[in-house]
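Chemist: Model the full assembly from the supplied sequences, consistent with the hints where possible.
Residue strings, one per chain:
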Amino acid sequence: MIELAGVSKIYNGIEALKNINLKVERGEILTILGPNGSGKTTLLKILGALEMPTEGFILSNGVRVDEGNAEETRRTTTLVFQRAVLLRGTVRDNVAYGLRIRNLAGPEIEKRVKAALSLVGLEDLADRPSKGLSGGEQQRCSLARALVLECNLLLLDEPTANLDPESMIIIKQVIKRLSERGVTIVLATHDLKQAQELSERILLLDGGEIVESGRPDDLFLGQSSDMARFTRSENFFSGESRVLEGVARINIGGGVEIHGALSRGGPVNIHVRPEDIIVSNERIVSSARNNLLGSIFRIEDHNSIIRIKVDVGVVFTVQITRRSFEEMGLNVGQEVYLTFKASSVMLL
Amino acid sequence: MRNRNLTIISLATIVIVALGGFYLIQSMGPNEPHNLVVSTTTSLYDTGVLDQIEEAFEAKNQIDLYFISVGTGLAITHAQRGDADMILVHAPSRELAFMEDGYGVNRKIIAFNYFAIVGPGDDPAGIREKSPLEALEILVGKARGGDAIWVSRGDDSGTHTKEKGLWAQAGFEVSALREEDWYREAGSGMGKTLQIAEEYEAYTLTDMGTYLKYSEEGLVTLEVLVGAGEELINIYSAIAVNPDSNPDADFDAAITFIEYLVSDEGQTILREYGVDIYGRSLFNPVVELLKTGSDPTTAEWIEAAGFFDGTECPQEYRKGEYGLYN
Amino acid sequence: MVSAILEGLVKALELIASGDPTLVDITLRSLAISGLATILASCWSIPLGVFIGLGKFRGRSLFKGLFNVLLGLPTVTLGLVLYLVFSRSGPLGFLQLLYTPSVIVIGQAILITPVIVSFVANTLEAVDPEIRSLALTLGASEVRASLTVLNESLNGVLLAVTASFNRAIAELGVALMLGGNIRGATRVLTTTIALETNRGQIALGIAMAVVLLSIVGLVNILVSQARRWI
Chain Y
48 MIELAGVSKI YNGIEALKNI NLKVERGEIL TILGPNGSGK TTLLKILGAL EMPTEGFILS
108 NGVRVDEGNA EETRRTTTLV FQRAVLLRGT VRDNVAYGLR IRNLAGPEIE KRVKAALSLV
168 GLEDLADRPS KGLSGGEQQR CSLARALVLE CNLLLLDEPT ANLDPESMII IKQVIKRLSE
228 RGVTIVLATH DLKQAQELSE RILLLDGGEI VESGRPDDLF LGQSSDMARF TRSENFFSGE
288 SRVLEGVARI NIGGGVEIHG ALSRGGPVNI HVRPEDIIVS NERIVSSARN NLLGSIFRIE
348 DHNSIIRIKV DVGVVFTVQI TRRSFEEMGL NVGQEVYLTF KASSVMLL
Chain V
154 MRNRNLTIIS LATIVIVALG GFYLIQSMGP NEPHNLVVST TTSLYDTGVL DQIEEAFEAK
214 NQIDLYFISV GTGLAITHAQ RGDADMILVH APSRELAFME DGYGVNRKII AFNYFAIVGP
274 GDDPAGIREK SPLEALEILV GKARGGDAIW VSRGDDSGTH TKEKGLWAQA GFEVSALREE
334 DWYREAGSGM GKTLQIAEEY EAYTLTDMGT YLKYSEEGLV TLEVLVGAGE ELINIYSAIA
394 VNPDSNPDAD FDAAITFIEY LVSDEGQTIL REYGVDIYGR SLFNPVVELL KTGSDPTTAE
454 WIEAAGFFDG TECPQEYRKG EYGLYN
Chain E
21 MVSAILEGLV KALELIASGD PTLVDITLRS LAISGLATIL ASCWSIPLGV FIGLGKFRGR
81 SLFKGLFNVL LGLPTVTLGL VLYLVFSRSG PLGFLQLLYT PSVIVIGQAI LITPVIVSFV
141 ANTLEAVDPE IRSLALTLGA SEVRASLTVL NESLNGVLLA VTASFNRAIA ELGVALMLGG
201 NIRGATRVLT TTIALETNRG QIALGIAMAV VLLSIVGLVN ILVSQARRWI
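Chains as they are written, first to last, in my numbering: chain Y, 48 to 395; chain V, 154 to 479; chain E, 21 to 250.
Note that these hints are calculated values from the structure, not bench results.
Each hint should be verified, as a subset may be incorrect.
Unchecked claim - Chain Y stretches covered by chain E per the calculated footprint, using a threshold of three residues with CB under 8 Å from any CB of chain E:
(1) 124 to 131
(2) 161 to 170
(3) 191 to 201
Said to hold, decoys possible - Counterexamples of contact, computed for chain E against chain Y with all Cβ distances above 12 Å:
(4) Pro41
(5) Thr42
(6) Val44
(7) Gly75
(8) Phe83
(9) Leu91
(10) Leu117
(11) Glu145
(12) Ser161
(13) Leu179
(14) Asn240
Claimed, not checked - Calculated pairs, DMTMM-like style, for lysine to aspartate or glutamate (alpha carbon to alpha carbon, straight line, at most 20 Å):
(15) Y:Lys178 with E:Glu216
(16) Y:Lys178 with Y:Glu197
(17) Y:Lys178 with E:Glu150
(18) E:Lys76 with Y:Glu118
(19) Y:Lys161 with Y:Asp174
(20) V:Lys345 with E:Glu216
Built from N, CA and C at the ideal position, the CB exists for glycine as well.
Modeler: Here it is, written out as structure tokens:
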């Protein structure tokens, strides 16, 4: 339904995208996976006709998109930004915005807004001022504002990044439901598990280039060096696994052994999601099998969510809410315990 | 929906306000066929005498008077640029140049009074009751000794022109005086200049109208030290813009107004204006005086200061047969 | 001097209370002229401010700097320049607008253009840059997207318009040079203040100033109410 041919994009002399060739098929969920700065957002903006390529061209249903007809493409395609941007007024005003532009009748707008809000679980907040919403509610509001348009192509930029668990679950459900309805979805993420769960096809983007593409299982199971390079950045480890009493003990180097609920022995690639790890000042006694002591060497602020890099011999990335972060009074250099269940260890 | 309604309402409001505004402005600006634009010197207008003349004149004529109150210099510029139909000024030398350049015709002297040298009541320079030129000479001597300060208008107005003339008559170069530190230039209107002189306890040259007003209001305590004498005579004239230089100028209306100014009624208003407030007149009518010779000395002074080749308006600068000079 | 100010205040109250026809006439004219100038200037300045605030073109900052410099233009200078333009010998003299209320409207509109342009451009720059992209991706046309950004910064725009009205009604140079302070035709509050001060009618001058400040204050109160409502 939309196709990029030899697309490059240069911003201020920096090549954000290099020679992208890509065909999005009607009805599929395509995930663009890549680290921060790999060009995911730029790619989505070009697919959404918000940016024009420096080189190459876009075909939308076989028609070449240019400055002149970009508006038509934008009427059938919509992008949900990574950071929720809300307009003044109420939640309802926000969701109705695109419908008003399309000059729909009042009752029709009312009906569709209501349906969209109930889909994302915001029906009770319809008359709240948009600026008073929490981070997760804002993101759901902006998703509702996009899906209410019933566009053929929905582009989602990191739809669940830095969200509270409730909002994350709702958003994932919505994506699945939309896909069932036949909406074509392209979503960008750096979350491996999400890519694996949601999509039928994954593109691995690195340095503005598509370095791998294929079905999720093929990518994760194969010995793709590009995949490995990407995943190294966040809780991706390779090591030797020994299975004892149904638990795999995986030596991932740096003197660190991880317990995983795996049955495979020998060399493995594993991943632990940052949000599955608990941070504590004291050692926690629990059923969780992994308990590692390390020191914080970097803190990244993502508004409501904080990402912390902890060196326990190898580097783990941990994600916690701002509230817990502030309550615990964490600082760079501080010693903390990382705790996670064996079942949180994913085999790739 | 709310947004669209809001947009429509605000657009409608803007349109209504704009239309209403233009209507209001139109209704405020008089629409009579004849607007006579008179560029006038501030010392005449600011006294308020022209407001009274305007009322009396407009009651009798289908002409709407538009007074633009500016300095004599700017008044002449206005007329030269075609922005005025006539001027009321008080700088004879510049009036002659104005006519010589072909911009003005049918000059008529309408009134006179005296400039005054005012200064602090204790008069540190000791010029009280001296003749004007003698007073200036004494003043310069005292000022150079640090006992007096002079504030000049310095704004190229009629009064400033007069002041420069007086210094020249007394034998001083204004360009040289400007370099001396007791000689200060206000660069302002008469009222402001008086207030500056008040602050400095300085001497200055003023027209009587403005001085009396400021003195009456208690804004200045400066006293008139030299208030008469041939050199201080201040002559107000009306000049119509030459229709040859500006065909759009309303020449007929200008003549009608000049005729009114020199009529008995106009002259009476000029003489009586301000008597009830100041106990003396601000302007002296001139027509009667020149015609009857009732005060030959003053008449001589007026002729010396305000006539060119023995007449208030030489033949070549007269236009049409209006009986102005009979 | 203090007594003159007090006297002025008393006189102001007297004049206002008695509904002095001259005062009413001058006040209404001031409001009409400056209000109209504000509306007129808004018609071109707000779009221009949007263009500068949101546009991405070469020389944008130069353009913006120019308007910031023009903010400091003395009203007398503008009055003089416009006088030369509208004077009968000037390029627009044939319009015969000099010494009419309409020409003051035009002059004040020009005077306040940089105020609105600068304020609007600044307030739009402060709006989240993604708002525009958001509007576009939701299907808005370029114009509609600009309007959406404008709507997001409505408070700032309103402030710009109010500030420009204040400058218009409080300026003297343009009204004096272009209008000529003609009684019953182009006499407005500021020219009256100047005239009465020159005439030594200090109390009357202060009374007019009190009226002027009251109008400005009233307008600002109304606008801040409106801002809360929006």
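Chemist: Could you run down the list of hints and mark each one as holding or not?
Modeler: Hints, verified against the model:
no. : hint                   : in the structure
1   : 124 to 131             : holds (count 5)
2   : 161 to 170             : violated (count 0)
3   : 191 to 201             : holds (count 3)
4   : Pro41                  : holds, 45 Å
5   : Thr42                  : holds, 45 Å
6   : Val44                  : holds, 40 Å
7   : Gly75                  : holds, 15 Å
8   : Phe83                  : holds, 21 Å
9   : Leu91                  : holds, 28 Å
10  : Leu117                 : holds, 41 Å
11  : Glu145                 : holds, 16 Å
12  : Ser161                 : violated, 6 Å
13  : Leu179                 : holds, 16 Å
14  : Asn240                 : holds, 22 Å
15  : Y:Lys178 with E:Glu216 : violated, 53 Å
16  : Y:Lys178 with Y:Glu197 : violated, 25 Å
17  : Y:Lys178 with E:Glu150 : holds, 15 Å
18  : E:Lys76 with Y:Glu118  : holds, 19 Å
19  : Y:Lys161 with Y:Asp174 : holds, 11 Å
20  : V:Lys345 with E:Glu216 : holds, 12 Å
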